[in-house]
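Use these hints to put chain W onto chain C, whose structure you have.
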Amino acid sequence: MSSSVKLSCRGVWKIFGPDAKNFLVNHNHKPRSRDLKAANLVGGVRDVNIDIHSGEIFVIMGLSGSGKSTLVRCLSRLIEPTGGEILFDGQDLLKASDDEMIEIRRHKMGMVFQHFALLPHLTVLGNVAFPLEIQGISKERREKLALEIIELVGLSGRENYYPRELSGGQQQRVGIARSLAVEPEIWFLDEPFSALDPLIRREMQDEFIRLQNVLKKTIVFITHDFDEAIRLADRIAIMKDGKVIQIGTPEDLVMNPATDYVAEFTQHIPRAKVLTAGLLKEAYDSSIKTSGTVAHDTVIADIADDIERSDKPFVVTTADDTPVGLLSRKRVMDVLVGREVSL
Amino acid sequence: MISAMKNKVLDVRPFGSAKIFWILALLVTVFFYLEGKGLFPKWMFKVPRKSQIPVKNYISDFMNWLVQEANFGFFTFKELTRGISGLLDLPLSFATSLFSTGFMEGQGSQAIQIIPPMSWIAVIAAVVAMGHYAKDWKLASFIGACFLYLAIFGQWDSAMVTLASIVIAVPFGVVGGLLLAIGAYRFPWFEKTISPVLDLMQTIPVFAYLVPILFLFGFGPVAAMIATIIYAMPPMTRIAIMSLKGVPSEIIDFGNMAGCTKRQLMWKVLVPSAAPGIMVGVNQVIMLSLNMVIIASMIGAGGLGYDVLSSLRRLDIGGGLEAGVGIVVLAIALDRLSQAFAARSEPIHLDGQANIIRRHPWSLSVTVIVLFTLVSGFIVPAIQNYPDTWELGVGSSLAELVAWINVNFFDALEAYKTIVLVYFMVPVKLVLLKMPWAWTILLLCVGAWQLGGRKLFLLTLLLSLFIVATGMWEKAMITVYLCGVSVVIACLIGIPVGIFAAENDRLGRVVQVVIDTLQTLPSFVYLIPVVMLFRVGDFSAMVAVVLYAIAPAIRYTTHGIQQIPSPLVEAGITSGCTRRQLLWKVKLPLALPEILLGLNQTIMLALSMLVITALVGTRDLGQEVYIALTKADTGRGLVAGLSIAFIAIIADRMIAAGSRKAKQRLGLGGELGQETR
Chain C
1 MSSSVKLSCR GVWKIFGPDA KNFLVNHNHK PRSRDLKAAN LVGGVRDVNI DIHSGEIFVI
61 MGLSGSGKST LVRCLSRLIE PTGGEILFDG QDLLKASDDE MIEIRRHKMG MVFQHFALLP
121 HLTVLGNVAF PLEIQGISKE RREKLALEII ELVGLSGREN YYPRELSGGQ QQRVGIARSL
181 AVEPEIWFLD EPFSALDPLI RREMQDEFIR LQNVLKKTIV FITHDFDEAI RLADRIAIMK
241 DGKVIQIGTP EDLVMNPATD YVAEFTQHIP RAKVLTAGLL KEAYDSSIKT SGTVAHDTVI
301 ADIADDIERS DKPFVVTTAD DTPVGLLSRK RVMDVLVGRE VSL
Chain W
1001 MISAMKNKVL DVRPFGSAKI FWILALLVTV FFYLEGKGLF PKWMFKVPRK SQIPVKNYIS
1061 DFMNWLVQEA NFGFFTFKEL TRGISGLLDL PLSFATSLFS TGFMEGQGSQ AIQIIPPMSW
1121 IAVIAAVVAM GHYAKDWKLA SFIGACFLYL AIFGQWDSAM VTLASIVIAV PFGVVGGLLL
1181 AIGAYRFPWF EKTISPVLDL MQTIPVFAYL VPILFLFGFG PVAAMIATII YAMPPMTRIA
1241 IMSLKGVPSE IIDFGNMAGC TKRQLMWKVL VPSAAPGIMV GVNQVIMLSL NMVIIASMIG
1301 AGGLGYDVLS SLRRLDIGGG LEAGVGIVVL AIALDRLSQA FAARSEPIHL DGQANIIRRH
1361 PWSLSVTVIV LFTLVSGFIV PAIQNYPDTW ELGVGSSLAE LVAWINVNFF DALEAYKTIV
1421 LVYFMVPVKL VLLKMPWAWT ILLLCVGAWQ LGGRKLFLLT LLLSLFIVAT GMWEKAMITV
1481 YLCGVSVVIA CLIGIPVGIF AAENDRLGRV VQVVIDTLQT LPSFVYLIPV VMLFRVGDFS
1541 AMVAVVLYAI APAIRYTTHG IQQIPSPLVE AGITSGCTRR QLLWKVKLPL ALPEILLGLN
1601 QTIMLALSML VITALVGTRD LGQEVYIALT KADTGRGLVA GLSIAFIAII ADRMIAAGSR
1661 KAKQRLGLGG ELGQETR
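If you read the protein sequences in the order shown, they are chains C and W. Residue 140 in the numbering used here is what sits at position 140 of the first sequence, and the numbering runs on without skipping anything. With positions in the second sequence counted from 1, the corresponding number in the numbering used here is that position plus 1000.
So here's chain W without its partners, still in its complex pose:
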């Protein structure tokens, strides 16, 4: 990553002294690499334990104090968290009863079902109705087919448990995010306070805060739901703030001129006007909640996520894949449905006064179906529960397919793996590990200074020193190596694909569908085929990360090229550029800022995926977080998590600064121009 950064620096600011510095730096780096670690004292690679700042102990002690002793006078902290769990448990158990277990009377094994859950027919009818309401019959039948798939392939029960938790987590995430956004919109100081927190929440790996949640809220579906809400809320808040700020000033002026009070202005003018944007946030919350399904099952969520996790642990590839596909199908269905709701324009005007059946055709017919299946389910069980005998299983045949690939292509796969490992991954890893931390930080800081001036320099220095001081440096370098390697490969594949997609409409559409699908898949799902084909290790991790992180590299490149103003391209053509010249001399330079943003997103996604690949046996910070989770060691998990977040923040700020510079140089964004006005 650092070497990639160097190139960017040269691209962005090609002036003399900087160039010479980086050439010298490269030579010194090669020298250090060849001479090995012998040149430096040992503490230059690993800070001895007694000189480390014991941040993790501080955190662990604080958590202990919080749980054991913290007291608000009337109630203890522990009572507060238990109270919150109790409160959240009410809607969650209602939803679980509705979709999965039915409403029970009594406790434990003596419980008697009074009302059965919604029958499979009723659920499918409901989603079909929503699909038609949101868009059209095509969407309705697609979503119906997705749910039918879950029934046919035996995933229904788990899927309904998952659906129940999503149905409850999403409104909490949406409302919470919206309220935070409104606060931030109304009070600038509040926005200033939560903005860095949101940054951190989006970059810190989920595992890291699973530990404190486990600590505070115990193990179980409610704790899992809280983790899901926390995970899904920051993007919602961001999007809602942006949408509120995006409401045209004229609309606000109008609201004031109509004599709105502050509250009326917010709820009658601003929020409804920002609704389309806010709906995009809702879609995000749904997708992120589904993304959390597997991770949340580590702290007690049941359902499909639990099925995948336990299959992975048993190395039951077929079973894991079946449940994984179940999550994907559910994710795609909910994604399409919520996107359709987001894009749904207000209904075309209804002429005259329609009667209740015409106005609410769907709610009525769904109610009828629900009641009908409820009653008839008592007589004909197949209406209540999808009969086992109709189920199909693909697990075993999938496992056979994988076995077949492994038997027949083992040598070829192994050869690819070895070549990439020996000639690319291992050397990069060694370079990073053989550099003393002081040298690496020096180079990083010089880069930061050139790109973003003193502020960025200080930030970079402080954050990287935190990593050194807490004894995380070596693991951090492995993270940087894995992330860097994956990002380079993702860009090597993604940027050319993005260019082709931009140049060729038909290919563009195909690529669009593929990356849309890739982005709907929960991150865990990538692990399954990768482990099946390449077994555990760095290479598998890299492949999974590349698959997960490639989408933005493609998307932003395509967008960057397509958004170039057409007069500029026409000017290139009329000056007699060949296609190749047009691409290299006109389009790519102009698309550079956008491509850099794509690179930035790719790095962020790669880092978040990297933590999950800890499950396939990496030795980086992600593994550290994962170990902390299994040991319920809050301090250890948070410190490693923060280190990952800091790496992400450094990369993000540097690339953003580079992108800004490139934009200014090209006179595109002109942010500086606006400031001087």
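Chain C extracted, bound-state conformation:
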């Protein structure tokens, strides 16, 4: 992930309560928990620093009340942060005027909501075309664009349905289509699948992965479900009490949890779903006979069957097919049955 930084937040605070701005300045932008308590203020987001790279899926994971929804609303400036900087392509959003913000949101941002937030009086087509309508695009053109996206999310034939005629999963497809209508550069998803049944949730996650493979957006994805985070994320930020306590790839979090709190989440995660071939590989030795190759960023669970069936190790390769190591059946079995693995 060496690509450029799309969205970056530096020392962002959101403090709820009267006169929060002065409080933050008076405490030199570093108030402690007890300072907040003494002033009877609530720290919704506390000194958050994150960089979100172009084209990555950045998941913000936290339980309810951890400040994740507040943070994503600070990033899109739906909530005015109390302090800090939010740099979007280098421009500080907090210094943008109302009109500039409207322009940025119209053309560069899209957002999907937990409870869909569809407008009840508009059809699927009307909802998807709504962000374009707001911009004053002609009816003919916006409906043509909207139909294309409706097809992309698999809702063709339902254009003239009203939201209440659709199932939850279908409604969220509309929400997704609508947020994509303006071809945003950054895509916020605020717990998009939390209100759905587990089976539908799974299906929507697959759909989401499929879409991202086509679209390659920069994504900020909020969830309270660690499994979901593991499944979708390139990188995860874990939040607690308004603070980000660890940022890393799923692998990092599982292998090196920064605190006991993070470990609580990771200990139940099957490591085969997280660890990659690249991490488990042993030194490359061209003299050993092998039965095939695996890409270094493949998750063990996906190749376990193949490796189990063969008695010879596999070659681990990088993106340009250079062999970098070997992966033996023993190592894979260790991970699968949960034995301690030396790395």
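What the hints contain is simulated information worked out from the structure, not anything from laboratory work. Backbone N, C-alpha and C define an ideal beta-carbon position, used for all residues, glycine too. Warning: the hint list may mix true and false statements.
Stated by the list, open to error - For the chain W half of the interface with chain C, some residues (derived, Cβ under 8 Å), not all of them: (1) Phe1172; (2) Val1175; (3) Asp1253; (4) Met1257; (5) Ala1258; (6) Thr1261; (7) Gln1264; (8) Pro1272; (9) Ser1273; (10) Ala1275.
Said to hold, decoys possible - A few chain W positions that, by computed beta-carbon distances, are all more than 10 Å from chain C: (11) Pro1048; (12) Pro1248; (13) Glu1250; (14) Ile1251; (15) Val1269; (16) Gly1452; (17) Pro1496; (18) Arg1653.
As the list claims (entries may be wrong) - Cut-off 25 Å, straight-line C-alpha distance, at most; resulting in silico cross-link-like pairs (PhoX-like, lysine-lysine): (19) W:Lys1268 to C:Lys144; (20) W:Lys1268 to C:Lys139; (21) C:Lys37 to C:Lys240; (22) W:Lys1455 to W:Lys1019.
Okay, now just chain W, sitting in the frame of chain C:
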């Protein structure tokens, strides 16, 4: 009411010192009652005229100044009000022409009708079409039947005059209310400003502001319409504010993320999303406008309301009842229709592009019928006007029925009346009248302090002192007595009925229909049968008030019991409660906050009805307002009206505080919990 309040205090906060205080207070009260008025100087009962604050004179002088002298530079205040009337007169006379008189050329008796009004067939076709559009054939035929009734029973002409004024008043009320609500939503300071005004507008009796309207806008249909709009707007504003605030924050977030400007956010996102709630407000405006029909006829509205009023004045029971039923039928039809529109979901998607006939089947066919009846009406008059010979009259037979009841049941009715009067109503009245005002206010204020702390105490003190200082105390006590007696009886009947309705599904449905109907009836209509059976006086007033105000007592009790979380009831059952224990130990305590809200609503309705019962000869504040209306005495009417509003506000705030306390104690609402977070 005060004694009822005392009990509530004991229920809500059963701690030692308060209990002792109220027992002592009760003893002192009994002592004062037995000793009579002799204990105290006279001014403790009626403040002498020269010590009163002449608020009514101030108001009357101000109104005179406003009308005679107020000037905005380019135009006078009088020109402004006349201008508004002129402006409102345009749509109103158009609607009246359309439904009732036809379009005229020329003035007065020389006027020639150029185009006749919509024929009865066309009107019925239009409402049937709307009924089907809003819901289904069942509703359509029901509404068609209602309008057909008006034609058959000879109420058509008056009903169309009334309909014309409703059709114009409602959009003004709705748009005005919506704009106020949007202002309040956008600017918190604006909401803070209008909120107390709305409170006052909803509690002050209509009669009280009929007088200034009469003063400013003259006598006639336009003034009546203005009164109607003012009367119907506050609930619309309230409901619209609530609906706007009820739009999920995610929808607002979405609107912002889509890049809406402030205006786009309001009109393309917020208002459409709040539309179902706003439609409930529209229904309210329609119902309140119909409720005003009779009252508005006092300042010049014609139509059904005028028929009822003049029949009441002539004591023509049959005629009054016929027109009254006409209002009810119109009210029910419009209520069902607007409710169906409110509940109407967006049409199911239409597949493909339908042609114009498929897309607008109703507007087209109604237009055809209107044009056809217009033309053929010239040839066959029965198409234009419902022929007199087909009309039926029920007035005389109804009058005979009443006469029959009175002849055969006079003794029984009279006995009931006497028992209630002698053993219940008169003693309550005497207790209230024999207490010096200082003592009553003291008890009231202590109650206020216990329920709601210092703020409520101060409010209660100030408002009740206003009543004393303007010389309204005695009349206010009669109002309190009538209201209190009626509310107690309404609760004695309503709460048990509510409990039964909650426990028994089938009964519940029947009760639901009955109270829905009761609430659709304009308040005046209650007076007619009551006067027929019990003649004029306090008892008749009480019966009418009970009938009018009982609905919320029933409704809230039922709702309060039904909304108890089922695990709590199940816990009661598994602990082995009998049905009776379950009711008394689990359900009623948990439903208490809701029942208190019902009590609150009952009191509000009782107070608003009480003013109308002035027509049957009460001697309370309502009568004072009514007299002021007949004398066009703005100051007198407003002061008495404000006194009634203040009584309502005190009762409302105290009960709301009690309900809040009960909720907190039960851990239901948890408003306090949220505040401390």
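Hints, verified against the model:
Evaluation of the W:Phe1172 hint against chain C yields a violated restraint, the C-beta minimum of about 24 Å exceeding 8 Å. A hinted interface residue such as W:Val1175 counts as satisfied when its beta carbon comes closer than 8 Å to some beta carbon of chain C; here the least separation is about 19 Å, so the hint is violated. A distance limit of 8 Å between C-beta atoms decides the matter here; for W:Asp1253 the minimum to chain C is near 5 Å, and the interface restraint holds. Nearest Cβ of chain C to the Cβ of W:Met1257: about 4 Å, under the 8 Å cut. The hint holds.
For W:Ala1258, the suggested interface contact is upheld, since its CB lies about 4 Å from the closest CB of chain C, less than 8 Å. Because the smallest distance between the Cβ of W:Thr1261 and any Cβ of chain C comes to about 6 Å, under 8 Å, the interface hint for this residue holds. Look at W:Gln1264: its Cβ gets to within about 6 Å of chain C, closer than 8 Å, so that hint holds up. Given hint, W:Pro1272 at the interface with chain C, holds; its Cβ is 4 Å from that chain's nearest Cβ, closer than 8 Å.
For the restraint placing W:Ser1273 at the interface with chain C, the shortest Cβ-Cβ distance is roughly 6 Å, inside the 8 Å limit, so the hint holds. Interface hint at W:Ala1275: satisfied, since its Cβ lies 6 Å from the closest Cβ of chain C, which is below the 8 Å cut-off. At roughly 51 Å from the closest C-beta of chain C, the C-beta of W:Pro1048 stays outside 10 Å, upholding its exclusion from the interface. Look at W:Pro1248: its CB is around 7 Å from the nearest CB on chain C, not clear of 10 Å, so calling it non-interface is violated.
Not every CB of chain C is more than 10 Å from the CB of W:Glu1250 (nearest about 4 Å), against its label as outside the interface. Residue-level check failed: W:Ile1251 sits 5 Å from the nearest beta carbon of chain C, not beyond 10 Å. Its beta-carbon lying about 7 Å from the closest one in chain C, W:Val1269 breaks the requirement of being farther than 10 Å from that chain. Chain C leaves W:Gly1452 outside its interface by the beta-carbon criterion, the shortest separation being 24 Å against a cut-off of 10 Å.
Every CB of chain C is more than 10 Å from the CB of W:Pro1496 (nearest about 39 Å), matching its label as outside the interface. For W:Arg1653, the condition that its CB be more than 10 Å from all CB atoms of chain C holds, with the nearest at approximately 27 Å. Restraint check for W:Lys1268 and C:Lys144: satisfied, since their Cα atoms lie roughly 21 Å apart, inside the 25 Å limit. About 15 Å separates the Cα atoms of W:Lys1268 and C:Lys139, which keeps this hinted pair within 25 Å; it holds.
For the given pair, C:Lys37 sits about 17 Å from C:Lys240 by alpha-carbon distance, which is consistent with the 25 Å threshold. Only pairs whose Cα atoms come within 25 Å are accepted, and W:Lys1455 paired with W:Lys1019 is accepted, the gap being roughly 22 Å.
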